[in-house]
Amino acid sequence: MRALSLTLAVYAVCLLLLLPHLPLWLDELLNIIGSTKPTLAGLISYVPQNSGAAPLGYLVQRLSFQLISVSEFSARLPSVISSLTAAAGIFALAQRLQMRRPLAAVVLFCLLPMQWRYAIEGRPYAMALALSIWATLFFLQQRMLPYALALTAGLYTNPYSFFIPAAHLLWLLWNAPRRLARPLWAASTAALLFLPWYLYARHAWATSVPSHGQTAPLKAAELIARELVGAGYIGTGLALLLAGIGWRRCHAENPARAAFLAACVLVPFPLVLAGDAFFHYFLAARQFLFVLPPLCLLAAFGLHAQNNNPVPPAPGPLAL
Amino acid sequence: MLKTTILFPLLLALSLYEDARLFTRPRENWRAAALALKRLAAPGTCLLFLPADSLNLYLVFDKTLATHVCDAASLRHASRIVLAASPYAAPSKAIPPSFQELRSTGLRAPTVTIYRRK
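Chains as they are written, first to last, in the numbering used here: chain A, 1 to 320; chain B, 1001 to 1118.
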């Protein structure tokens, strides 16, 4: 725990020192324009003008502006806090999954360029990522009220974060269908709570970006290979290789755990592509942000010594 | 185990390198462009924004820029036009032909160009 505190403290200092040094770019400014609308009604009517946008990230940024002032620092502070919360969530998840070196997963998560970029950007992606990580933890702990709340907040931050509970449910359907009812209820409740926003925003979403049609499969594959972790083809290759090795070691110890992490990595891919096709939105690497946590966890499992003897599952309602 | 003890630090090192590069590669600087516009805004000068709604991006840094925006009257009388072009905008045909370009500064993506009446 002391090592985690020290890691998070160093990470926090780095983020806080560096974040005022990057000039704001277009998308951050568009976010700030929304967050600084004179009235809440103005903010709510502005948000859907950005395709796929939801209001929670804007509201949190508005709060940051009200508490501090409008600046690069306060615009990005919610992302820094979210990234730190996410890193703590990765540690908790790694412990829950009985990882022997949980800190390795945390360090990798903090340093992955795709995560790092959004940790110091005045947009809500880091917040959505943190919510998806904590939702995964609540799911494994079978704490359905916090799970439903995290999913709802995730939807109201970035709707694509809902592809992670889709992975949870699919895994459960495959592994323990009798336990499906409560998580399904929680996810359905979150989806229902998001419905009013969807109905309100969908027309504006549809007109806010020119129709891009479907991204060609080859182009999509190329983009994912280049930008998945934000470190080019070599970075993606290394991350996938490590995750593959980690999956094998994890599978040797506990097949259900390996299947769970694999589902969280793989399920969002087709859902992102389907979502983009449905909304005529262009494919962007940030839409795959939510696969980074399970990818880091799998990669860190690769550091386990080869062990072909199954280990006893962690105690708890979902024994992994 | 040997493979991962090499590959894992390699991925960390590559990530660290890319993280540092975020701060060194060229990046849009709207604050610099807004400051340049503020310096250029003077009597006889009007500011033209391309596209027109990109004015909102500069107003995040300086609300007073809105008072210098070109309208039909100021375009007739201005001795100088400053064009602020977003990197996401199409090329400009907004400057009347009676003006000639003096100089242009790419402030890391947004561009500020100064025109003087011929």
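There could be a bad hint or two in this list.
Below, a list of computed lysine-lysine pairs in the DSSO-like style, where the Cα atoms sit at most 30 angstroms apart [as the list claims (entries may be wrong)]: (1) B:Lys1063 to B:Lys1038; (2) B:Lys1003 to B:Lys1063; (3) A:Lys37 to B:Lys1003; (4) A:Lys37 to B:Lys1038.
Just so you know, the hints here were simulated from the structure itself, not pulled from any lab data.
Everything numeric in this text was worked out from a predicted model, so none of it was measured.
Hint consistency between Lys1063 of chain B and Lys1038 of chain B [alpha-carbon to alpha-carbon, up to 30 angstroms]: holds, 10 angstroms
For Lys37 of chain A and Lys1003 of chain B, compute the direct alpha-carbon distance and say whether it is at most 30 angstroms. violated, 53 angstroms
Does Lys1063 of chain B lie within 30 angstroms of Lys1003 of chain B when you go C-alpha to C-alpha? violated, 57 angstroms
Run the distance test for Lys37 of chain A versus Lys1038 of chain B: straight-line Cα separation, threshold 30 angstroms. holds, 23 angstroms
The structure does not agree with the numbered hints 2 and 3 stated previously, though it agrees with the rest.
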